[in-house]
Amino acid sequence: MAENIGLAQMAIAYSLILLVFVLATANRLKINRDLAIAALRMTLQLVAAGILLRYVFRINYWYTSLLLLFAMLFFAVHVVIGRLDLKIPRLTTILFVSMAGGSLVVIAVFIFLVVGRQPWYDAQYVIPIGGMIIGNSMTACALASERFTNEMMTRRQLIETSLALGANFKEASVDAFRGAYRAALLPTIASMTGMGIVHLPGMMTGQILSGVEPLLAVKYQIAIILAIIGAAALSCLLNLYLLRNTLFDRCHQVMYSS
Amino acid sequence: MSNMEQHSVVHDHESSVLELRDVCLDGIDKRVLSSVSLRIDAQKMFLIAGPSGAGKTSLLRLLNLLTLPTSGEVLYRGVDACTYDPPVLRSEVVMLTQEPVMFPGTVMENLMIPVTYASNRDKRTDTSDAERFLAELGLGRELMKQDVSRLSGGEKQRVALARALMVRPKVLLADEPTSALDPVSEDKVISMFSRLSDEITVVVASHSLRLLRMADRVILLSNGELVETLDTIDEIRFREFLHIEEKKKDG
Chain A
533 MAENIGLAQM AIAYSLILLV FVLATANRLK INRDLAIAAL RMTLQLVAAG
583 ILLRYVFRIN YWYTSLLLLF AMLFFAVHVV IGRLDLKIPR LTTILFVSMA
633 GGSLVVIAVF IFLVVGRQPW YDAQYVIPIG GMIIGNSMTA CALASERFTN
683 EMMTRRQLIE TSLALGANFK EASVDAFRGA YRAALLPTIA SMTGMGIVHL
733 PGMMTGQILS GVEPLLAVKY QIAIILAIIG AAALSCLLNL YLLRNTLFDR
783 CHQVMYSS
Chain B
13 MSNMEQHSVV HDHESSVLEL RDVCLDGIDK RVLSSVSLRI DAQKMFLIAG
63 PSGAGKTSLL RLLNLLTLPT SGEVLYRGVD ACTYDPPVLR SEVVMLTQEP
113 VMFPGTVMEN LMIPVTYASN RDKRTDTSDA ERFLAELGLG RELMKQDVSR
163 LSGGEKQRVA LARALMVRPK VLLADEPTSA LDPVSEDKVI SMFSRLSDEI
213 TVVVASHSLR LLRMADRVIL LSNGELVETL DTIDEIRFRE FLHIEEKKKD
263 G
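Keeping their order, the protein sequence lines are chains A and B. 533 is the number of the first residue of the first sequence in my numbering; add one for each residue after it. 13 is the number of the first residue of the second sequence in my numbering; add one for each residue after it.
Bound conformation, chain B alone:
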């Protein structure tokens, strides 16, 4: 290998954090994703849009190794993701599910649990970080000692986001992070994403136009296939796509 080629390989690894190569995924009775190829660049924000059932959640799960592809490859930093120790990879590529799942206990306990995992031990996040994240998301200190069973849906979603941040992810995969929020808390979450998109790689499945405006790239999915990747954010094309897809579903 010549020097130049070596250099280009290294450069390649740095620019694309995650990559899907011709990935297919079969569900129980149907194909969920068909030959999706995709590169997710570092420090960028990607938005995945598409009607329900298009494969958005499956795509995110693949990137977090919670699902393995039926065929094709998932690469993390240029290497087959499966060669990583899964907990180590998942402590860097963290997934935030659409339905916020809370561990039984208080809000603070929920935030501190991921820090106890062996793969997160050197992240050095503590209770002061937890307080800071919660405050940034508009959740007051009085909530810390509250049992999670008493939280509203919107509060849970924000606690789940704060909990994911406790892990200090390099890539955050978020599935519809603003779906259960009232306008005020949506503002908080949106501005959190705006800050995150400057610091880490963010891949978010959402139809929110406000998130769209922040995105560097938009991936349009339909029926398990990648329809289009928009480099420049074209709101009109985005709306048109969603409109056509909705119509297709209704028809």
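Chain A with its partners taken away, still in its complex shape:
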């Protein structure tokens, strides 16, 4: 088990952020307000999450685990909608279906087949693993949606030219589709490449700190990274299929305009 951190030690940790305040003020960086809000939010959100997790771990019902997974999904959709400034019909549904579809399938594979945890709904496993997978499929979907709609706009003339020559909507938007898919998966691929050299991933660090044998922690980390890329790819593909079908109407015309 990890060493306990007492209140005094916690206060020392917080003093590190005081140092940032002092440095920012001395250099007139004007980030104190943002920094204070961020620190406060971080503290409150994490404490709330901790309390909630403790409660959920203790009762450990199958439906509390599922409920939390769905809550995370809704929150993820909300975050993406807020971040994207797009007026696309049914965007909320599209995002929810693609994120839920991509991540739930992978979470199920991970819990049932890779870890084989009994019972399957054990919150101690489902929630953190689900969180990581949903978080990554959220980022991938946000990138894919943004890039695809952007490409559809900038390539509008090319797309219409293809259509005017007899292309169907899939043929006309194939470059936009590929570009968006690539862009959405690139960050995950890049972080996979640097892993172990550039940085030690958070989950592995956490496991090692809490006393897990490093090679076991590595095996978990490898499995989770594979799950993350799988979920990101699946969600992003679903997302692009649904977006493409929404952005073209029944006459295979581009519907979206800024």
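None of these hints come from the bench; they were simulated from the model. Among the hints, erroneous ones may be present.
With a straight-line Cα cutoff of 35 Å, these simulated DSBU-like cross-link-like pairs (lysine-lysine) come out [said to hold, decoys possible]: (1) B:42 / B:259; (2) B:260 / B:168; (3) A:702 / B:260; (4) B:157 / B:182; (5) B:42 / B:56; (6) A:702 / B:259; (7) B:56 / A:619; (8) B:168 / A:702; (9) A:702 / B:157.
Fit chain B to the supplied structure of chain A, relying on the hints for placement.
Chain B in isolation, oriented as in the chain A frame:
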């Protein structure tokens, strides 16, 4: 239905390829076309003329289903055009835009891309057709491997025409196909249209008198309304119309 009526219906389909019935089209803040009715007969050449903003491009886009009418009907071979699978219709009724849009890549790649579309796969056009079309338009073989970014405006316009022909259209809709051309390449394009007008249906938006002389019918558009259809080509009336319209615009 009596036999005679049936016959007349069939005949009707054969003679008019495309038809607009009381078509209105609303733009973002104004009416672009108001109650336009028009029949385009097979194997004929139609010229659409009118000042800029008269609705020529919109009319062509409607015929290619790139725009849907706000009200009224567009018919292809006597049937509501929207009942066709759009790619199939567009592989028969091909639109050539005024601004030639090139796909990134070489000239040859541009010509071969439309052939890869599912709706064009049975057209059996290949690189030898591409070479032939380019040659006919005065573009040499050395151009084939050239990147399109290095083409002049006139060359692009001709490559776009050759690319449209790769699809072997039954109807070619062309928006100002000679607008960016020097006199020599204009000759090539004009004689291409002269050949095409004998083989397929051509609808061309243009003010070119040389294209006018080839046309079987002229449609005069002004302010989104069909002003007149000239059956016999009346150059004097044509010039007069354009002159009055220009004056209206200036005034």
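Hint numbers not upheld by this structure, sorted from lowest to highest
Violated hints (numbers, rising): 3, 6, 7; every other hint is consistent with the structure.
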